[in-house]
Amino acid sequence: MLHSEVKGKLLAIVGAENVEDNNASLLAYSYDSTARFQALPDAMVAPRNTEEVAGVVKVCNEHKIPIVPRGSGTNLCAGTTPTKGGIVLIFKHMNHILEIDQENLTMTVEPGVYTKDILNAAIDVGLFYPPDPGSMHISQIGGNISENSGGLRGLKYGVTRDYVLGLEIVLPNGEVIQTGGKLAKDVAGYDLTRLYIGAEGTLGVITKAILKLIPQPETKKTMLALYEDLEAAAETVSAIIANRIIPATLEFLDQATVQVVEDFAEIGLPVEAKAVLLIEQDGPPEVVDRDMDKIEELCKDNRAFDVQVAKTVEEAEQLTAARRSALSALSRLKPTTILEDATVPRSEIAKMVKAIGEIAEKYQLNICTFGHAGDGNLHPTCLTDARDEAEIELVEKAFEEIFQQAVALGGTITGEHGVGMMKLPYLHLKAGEHGIEAMRSIKQAIDPNGIMNPGKMIEPKGRQRMVVEHQ
Amino acid sequence: MNIQEKQQIQQAFQETMDYDELMNCTRCGFCLPSCPTYIETGRNEVHSPRGRIALMKGLVDGVIEPSQEVKDSIDMCLGCRACEPVCPSGVKFGRLLEQARDAIYQHKKQTLPEKLIKGIFFKNIFPYQNRMMGVTGLLSFYQRSGAQKLAQATGVMNLFPESMRSMEKVLPSVPKKSQMKDRPRHLQPLKLEKKKKVAFFSGCLMDTMFMHTNDATVKLLQYAGCEIVVPSLQACCGALHGHSGEMEQAREMAKRNIQAFEEVEVDYIISNAGGCGAFLVEYDHLLKNDSEWSTRAKRFCNKVKDITSILIELDFHKQPLSLDNQIVTYQDSCHLKNGQRTFMEPRQLLESIDGVHYVEMKDAGRCCGSAGIYNIVQSEMSMQILDYKMEQAQNTKAKTIVTANPGCLLQMKLGIEREGRSNEMEAVHIVDLLLQAYENVNVRSNLHDEAATYIRA
Numbered sequence: 072m073l074h075s076e077v078k079g080k081l082l083a084i085v086g087a088e089n090v091e092d093n094n095a096s097l098l099a100y101s102y103d104s105t106a107r108f109q110a111l112p113d114a115m116v117a118p119r120n121t122e123e124v125a126g127v128v129k130v131c132n133e134h135k136i137p138i139v140p141r142g143s144g145t146n147l148c149a150g151t152t153p154t155k156g157g158i159v160l161i162f163k164h165m166n167h168i169l170e171i172d173q174e175n176l177t178m179t180v181e182p183g184v185y186t187k188d189i190l191n192a193a194i195d196v197g198l199f200y201p202p203d204p205g206s207m208h209i210s211q212i213g214g215n216i217s218e219n220s221g222g223l224r225g226l227k228y229g230v231t232r233d234y235v236l237g238l239e240i241v242l243p244n245g246e247v248i249q250t251g252g253k254l255a256k257d258v259a260g261y262d263l264t265r266l267y268i269g270a271e272g273t274l275g276v277i278t279k280a281i282l283k284l285i286p287q288p289e290t291k292k293t294m295l296a297l298y299e300d301l302e303a304a305a306e307t308v309s310a311i312i313a314n315r316i317i318p319a320t321l322e323f324l325d326q327a328t329v330q331v332v333e334d335f336a337e338i339g340l341p342v343e344a345k346a347v348l349l350i351e352q353d354g355p356p357e358v359v360d361r362d363m364d365k366i367e368e369l370c371k372d373n374r375a376f377d378v379q380v381a382k383t384v385e386e387a388e389q390l391t392a393a394r395r396s397a398l399s400a401l402s403r404l405k406p407t408t409i410l411e412d413a414t415v416p417r418s419e420i421a422k423m424v425k426a427i428g429e430i431a432e433k434y435q436l437n438i439c440t441f442g443h444a445g446d447g448n449l450h451p452t453c454l455t456d457a458r459d460e461a462e463i464e465l466v467e468k469a470f471e472e473i474f475q476q477a478v479a480l481g482g483t484i485t486g487e488h489g490v491g492m493m494k495l496p497y498l499h500l501k502a503g504e505h506g507i508e509a510m511r512s513i514k515q516a517i518d519p520n521g522i523m524n525p526g527k528m529i530e531p532k533g534r535q536r537m538v539v540e541h542q
Numbered sequence: 199m200n201i202q203e204k205q206q207i208q209q210a211f212q213e214t215m216d217y218d219e220l221m222n223c224t225r226c227g228f229c230l231p232s233c234p235t236y237i238e239t240g241r242n243e244v245h246s247p248r249g250r251i252a253l254m255k256g257l258v259d260g261v262i263e264p265s266q267e268v269k270d271s272i273d274m275c276l277g278c279r280a281c282e283p284v285c286p287s288g289v290k291f292g293r294l295l296e297q298a299r300d301a302i303y304q305h306k307k308q309t310l311p312e313k314l315i316k317g318i319f320f321k322n323i324f325p326y327q328n329r330m331m332g333v334t335g336l337l338s339f340y341q342r343s344g345a346q347k348l349a350q351a352t353g354v355m356n357l358f359p360e361s362m363r364s365m366e367k368v369l370p371s372v373p374k375k376s377q378m379k380d381r382p383r384h385l386q387p388l389k390l391e392k393k394k395k396v397a398f399f400s401g402c403l404m405d406t407m408f409m410h411t412n413d414a415t416v417k418l419l420q421y422a423g424c425e426i427v428v429p430s431l432q433a434c435c436g437a438l439h440g441h442s443g444e445m446e447q448a449r450e451m452a453k454r455n456i457q458a459f460e461e462v463e464v465d466y467i468i469s470n471a472g473g474c475g476a477f478l479v480e481y482d483h484l485l486k487n488d489s490e491w492s493t494r495a496k497r498f499c500n501k502v503k504d505i506t507s508i509l510i511e512l513d514f515h516k517q518p519l520s521l522d523n524q525i526v527t528y529q530d531s532c533h534l535k536n537g538q539r540t541f542m543e544p545r546q547l548l549e550s551i552d553g554v555h556y557v558e559m560k561d562a563g564r565c566c567g568s569a570g571i572y573n574i575v576q577s578e579m580s581m582q583i584l585d586y587k588m589e590q591a592q593n594t595k596a597k598t599i600v601t602a603n604p605g606c607l608l609q610m611k612l613g614i615e616r617e618g619r620s621n622e623m624e625a626v627h628i629v630d631l632l633l634q635a636y637e638n639v640n641v642r643s644n645l646h647d648e649a650a651t652y653i654r655a
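For the protein sequence lines, the chains are H and S, in the order given. According to the numbering used here, the first sequence is numbered sequentially starting from 72. According to the numbering used here, the second sequence is numbered sequentially starting from 199.
Heads up, a few of these hints could be off.
[Said to hold, decoys possible] Incomplete in silico selection of chain H near chain S, CB under 10 Å:
id, residue
1, L97
2, Y100
3, T105
4, L111
5, I161
6, Y185
7, S210
8, F335
9, A400
10, R403
11, T407
12, A457
Treat the hints as calculated values from the structure; they're not laboratory data. Cβ coordinates follow ideal geometry from the N, Cα and C atoms, glycine included.
The following block holds chain S by itself, in its conformation from the complex:
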C-alpha cells in the first residue's frame, strides 16, 4: 500500500463508518467464542469481531494507519454474523463490516480473482437474469458437451485453486436455458383452500443453477395453501455486492426489487436462500439515507420471510411426511440464523418427517466457510473451516446434510467430495427434502403429473 492509498483509505473510513455503532462495542469479549476465524486462527484477537471493531475504530481515530494486516483482518472475516446474536450490546457487526469493506475497496487495488469476480459477475451478470441464464447456460454446455470431461482429463483445472477445482466437480447439472425460461409466474394453491398470498423471491443463482429447488419451493408453497406470484422484474438481491464493498451496486439491486414486488399485493415475500433473505430484510438500512426509498424499503422488509418459517406458520409440518429411514443433520445458514433469527423452524420441519432420525451436529450454527465468494478468495481458511465442519457432520453418522442456502449447499457438497464420501453422504436443500417427504405420502406419481399440468395451465 502506498502513502496516497493509505490516506485515501483512512479518509474513506472516517467518512463511511458509523461511529456510534463502533462506540457500542464495550469490548466485553462475549463474541470471541462465536467467531470461526478467532477459533481457527488459535485465538488471534486480530481475527475476532472485537479485534476487527477495534481496528475499524483505530483507523477512524487515526491511532493506526491502514496496512496489509488490517486489510487481511477485514478480508478474513466470513461475514457470518455469529457474533451478533451473542452480543449483549447489540452491535450490528454485519453493517460495520460492509462499511469497512466499502471503505477499503473504494481505493484498494484488488487481486486478480477478486477483480475478475467482481468485475465480470457482480457488475455484468448477477444484475441481469437473462445473462445469468446465459452464463449458467454456458456451464450447462460445458457439462453436457463433454468439455467438462475433457477439462478434467487434461488437468486444465489444476491451474485453479484447490477449492475451485473441487467446486467444479460438485456443481449441480444446470438445466437447459429453455427450461429456465419457460416457467409459470402465477400459481394457485394445490389441494388446500387458500391461506395466504405470497410473492416468491427467486434469486439469481437459485433460479438458474438451482432451478429445481426453486420449483420445489413453489410447489411446497402450493401444498401449504399459498397463492404465489413470481414477479418477473425482480433481480439478484445484491448481497454478494454488499458484502464485498460494492454498495452502490447493492443499492441499485435493492431498488429494482422493491419496485418489482410493490406491483403485487401479498402477505409475504418468500425467500429460500438464507443469504438472500438476510440481505432483503436489511434493505431499509441499505437505503436509510434516501428518504423516498427508505419508507418503501421498510414496507418491503416487513414482508420478507424464509420458506421454513412460513411452512411452520401454515402448519405444513403437521401433515404426514415420510422418507426412508435415515439419519439427517442440519447445517445452519449463518444469515438465516444470525440475520433472520430463523433456526428452530428448519429443525422442527426435519423432526416432523417420519423415518428421519434427526441428529444435531456439534457447532451446527458455526459457519461452513462458504460465505459468498469467501471460499474462492480466502480458499485456505475456508477449507480449514470446512474440514472442521465435515468432522462434526461425520460424527453424527448422517446420510443427509440439510442446508437452507445455495452457498452452504455447494460447500457441503464440496466437503463431501473432498472427504471422498459421496457414496454414503449427500447434501440437499431443505425444500427438496421436504417436497420428497410430502409427495411420498400425499401424492401418487400420476397425480404429480396432473399437478404439474395444472400448474402450467
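Extracted from the complex, chain H is given alone in its bound form:
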C-alpha cells in the first residue's frame, strides 16, 4: 500500500480521478500478456502530460517507489508486470497525435497512441509507418519504442528503432530531456534515442516521440506457398534472399498453427499443408509483379506443392490478419501458451526449425512454430498448462536449450519481445557477463535508486534473483 503522504502528493499532481488503489484496479494492472507472471502494484496512476509525469517520477524517486510504465499490456516477456508493488503508470490521457509534418516526413506523438492509428494517420496523407507488431491494433507506441517492437514487415523495412528520430524522456530524477529531432543526421553526443529504444522502461519514461514516415508503397501483393515439409519451406526462405529479393513480409507457419488460425478466422487456410509461407511484396507495380513471379518460381523449385496469390485486397488483408492472430489462436489448444522469439541469422532458419523440432521431441512437448522467417525471428510456442508443474519444468528446460541453440547459431534469445522478467535469467547467454556488467553500469548511472521498472532485463549487482509471484 502507498504511504498516505505519497498518495497525497500523487493526488495533488494528477488529480483524484487519476489515482486508483482499490483492489479491482490493482488486480487489473497486475498482469500483461505473459503467462504465469502476476503481481499487484500499490496504485495505478494516469498522468495527463509531461509535467505530471515528471512530478510523479520525482515523488517516486524521493520515496524510492517502483514505477512500471504500461501501455495496453500486450507485452510478452513480463516487462510490464509489477514485481514488488509500486505504481503502474498508464498513458490513457497522453494519447494524441501532435503533428504530422509532411515536409520533413515525421509524426510527433504521445506515448498512448495506438500503433494502428499511427499507421492509419500516415496512410491518410499518403505516407507510411512500417513497424507492425502482431498486436498493433491495440499496442501503444510508447510500449513499442520501449520494447523496440518488430513485426511482419521487419525484413524489408526494419523495426521500431528504424523509425524513431527523437524522444522526450522523463529521467528517473524527474528531469525532462529531448533527444534527437526531425533530423536525418545528428551525431551530437551519445545516441540517447537509441539507448532508450528497447530499454524496457528501465531508464525513464518516454513522454513524446518523433517518428519517421516514408512514402506509401504503390501496390502490394500477397501469396501463400504450401509445403509437405518444414525444411522445404525454410529452404525457400534462404533461396528468396539469396536471389536478392527482399519481400515486405515473409512469414512461416507450421501445420498446427495453420490449423488453429483457420479454426478462428475461417477463411479457408490450407490446413493440409505441413508448412505455409505467407509472402508479401510491395512497391511499384512492375517491381511487385516481377518479384512475385520470381518468388513463385523459387517456391516451386523448392518443393512447394501449391502457390496461391490473393486475388483481392480483402483476401490479402484476411491472410495477414489471420497471421496476426496466430499466438492467441494457439491458446485454443491448451490453457497456457508460452511463446518465445529466439532469432537467428536468416541463413540459419532451416537449422533452427529443425532444432526446435528435436528439442520438442526430446522433452515430449507440444511446440508449434510460426514467425518472421524472413528476418530469422521465430516464435516457438509451447502449449501447456500452468497447473502442471512437472511439465512446466520441462518447458523451461526446453526453452533454455532453444536459447542456447539460437545463440550457438549466431542468434539471440529474443528478437522482438524483450527480456523483461521472463528472459532475465538467460540474458547472459547472449550479452555475456561483461555485457551485462556494462548494461548494469548504465542503469546504475541513470537510475541510482532503481525505481524504473525494477526486476526487468538486468538485476542490480549483488542482489538475489527476484522471486516472482507466479499465477
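Use these hints to put chain S onto chain H, whose structure you have.
Structure of chain S alone, referenced to chain H:
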C-alpha cells in the same frame, strides 16, 4: 459488503466459475478495442473483458476479495459479447459473465430498482404470457386513459431516472388485450408454394408490446413460402433472467420452451429478437449438467434461426421490394451479431430494397447501451454510450434507423427522443420495414385485406 457476505461470494465464485474457460484467456488484449465500456471509461482495464476475466479468476484464486469495485466492474458490463468474435482464444465471455453474476447475486443485497425489476417482472410476470398481457394491458390503459398525459403533466415521472422518464415517452402504444389474444396459431404460405415449415418463437415482450412486429414477422414468413406454427405453450426465453444472475429461473424457462417446440415437427425455429435468439441457441449450454435435457436442448438449438437469416435463405430479397427514397442505417443487435453471428443478412436485405440508400454508420456493431435492463440499472453509462451511438447515426443522415431486437429498438427511439429529432428520424424493426417494402410492390391494399381474412380463417 460485510465479511460474511464476502466469504459467501468468494465461495460462490469458486463453485460457479468454469475455471478452464478462465484459463483460456491469454490476456492478449485483442478484446480491448471492441469493448464499449473500456472505450467509454477512457481505457480503464477494470472495465474491459480482459480485466473482468482477471477479476473473476482473482476471486476464484483468492488473490483479491470481493469488493464494491469488483461488483461494479461485473455490473458495468453490457453483456454485448463484442469481445467474443475478436477473441483468438475463443473465450466464451458471455458464459463467464453469467456465472459471475450468478455467483454475486446469490448473496449480494440488491439495489431497489434491481429488486423491483427482478422480483416482480422476472419471477412473476415474464414467465407467464397472460400476465405479460395483463401488465402491458395496464400500460395500454395508462396510455389510452389519459393517465399518461396526467403523469407527464404533473411531473410524477420526474421521480424516475432520466432514462426511464424518456423511455416512458417512447414506448409503443400497446394493443388491447383482446387483440393480443385473438391470433391464429397455424398459418399457410401466401402466394408461393411451401418451401419450409417453421415454428415461430414469439417472445414475451415482442408478443405484447411489439405485437404488430410479430404479426409482420409471421406475414413475411408466409410471403417467403413458410408454413408457420406458433406453439401456444411457449414462454419468455429467459435471457433477462440468465443475464442478471437468475440462472434457475432461466433454466425453467428453457425447459418449458424446449417442451413446447418439441410438439411440432419443423425445419426451423424462427426468432425475430436478437437477444432472445442468442439465448435460445445456448439452451444446450444452460442445461449441460442435465443429461436428459441437454440432448433435447441440442435438438432445439440446432433449429433456431433469425428471421433475417431464413429470409435470405429463401431468397426473399430477390423479389421486388420498394420504399420511398430514403437513407437507411442499421444498428446491429449485439446478440444477433456476436451470439448468432448474423450480421450480413440484415444488411443484405436492406440493400435489396429499391429506394433505400443504405449507409453504414461508424461502429454499427458497437452496443447501443440498451442491453436488457442495463439502461435502467446502469443508466448513466447507458446514456453515455447512447450519445455516441446517436452521433454516429446522425452522421449517416439517415431517416430510418433499423434494428433487429426490441431492446435496441426502444433504445434507438429513446436516443431520437433525447436528441429531439423525432420529426426527421425514426427507428424501426427490420421486419416492419421489410413488410412495408414487400407490400408496396406485391400487394394491393384490397388484397392485403383478403390475405388477412385468409390468415384468420
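Right, here's what the structure says about each hint:
{"no.": "1", "hint": "L97", "result": "holds, 7 Å"}
{"no.": "2", "hint": "Y100", "result": "holds, 6 Å"}
{"no.": "3", "hint": "T105", "result": "holds, 8 Å"}
{"no.": "4", "hint": "L111", "result": "holds, 8 Å"}
{"no.": "5", "hint": "I161", "result": "holds, 8 Å"}
{"no.": "6", "hint": "Y185", "result": "holds, 8 Å"}
{"no.": "7", "hint": "S210", "result": "holds, 8 Å"}
{"no.": "8", "hint": "F335", "result": "holds, 5 Å"}
{"no.": "9", "hint": "A400", "result": "holds, 4 Å"}
{"no.": "10", "hint": "R403", "result": "holds, 5 Å"}
{"no.": "11", "hint": "T407", "result": "holds, 7 Å"}
{"no.": "12", "hint": "A457", "result": "holds, 8 Å"}
When each numbered hint is compared with the structure, no violation occurs for any of them.
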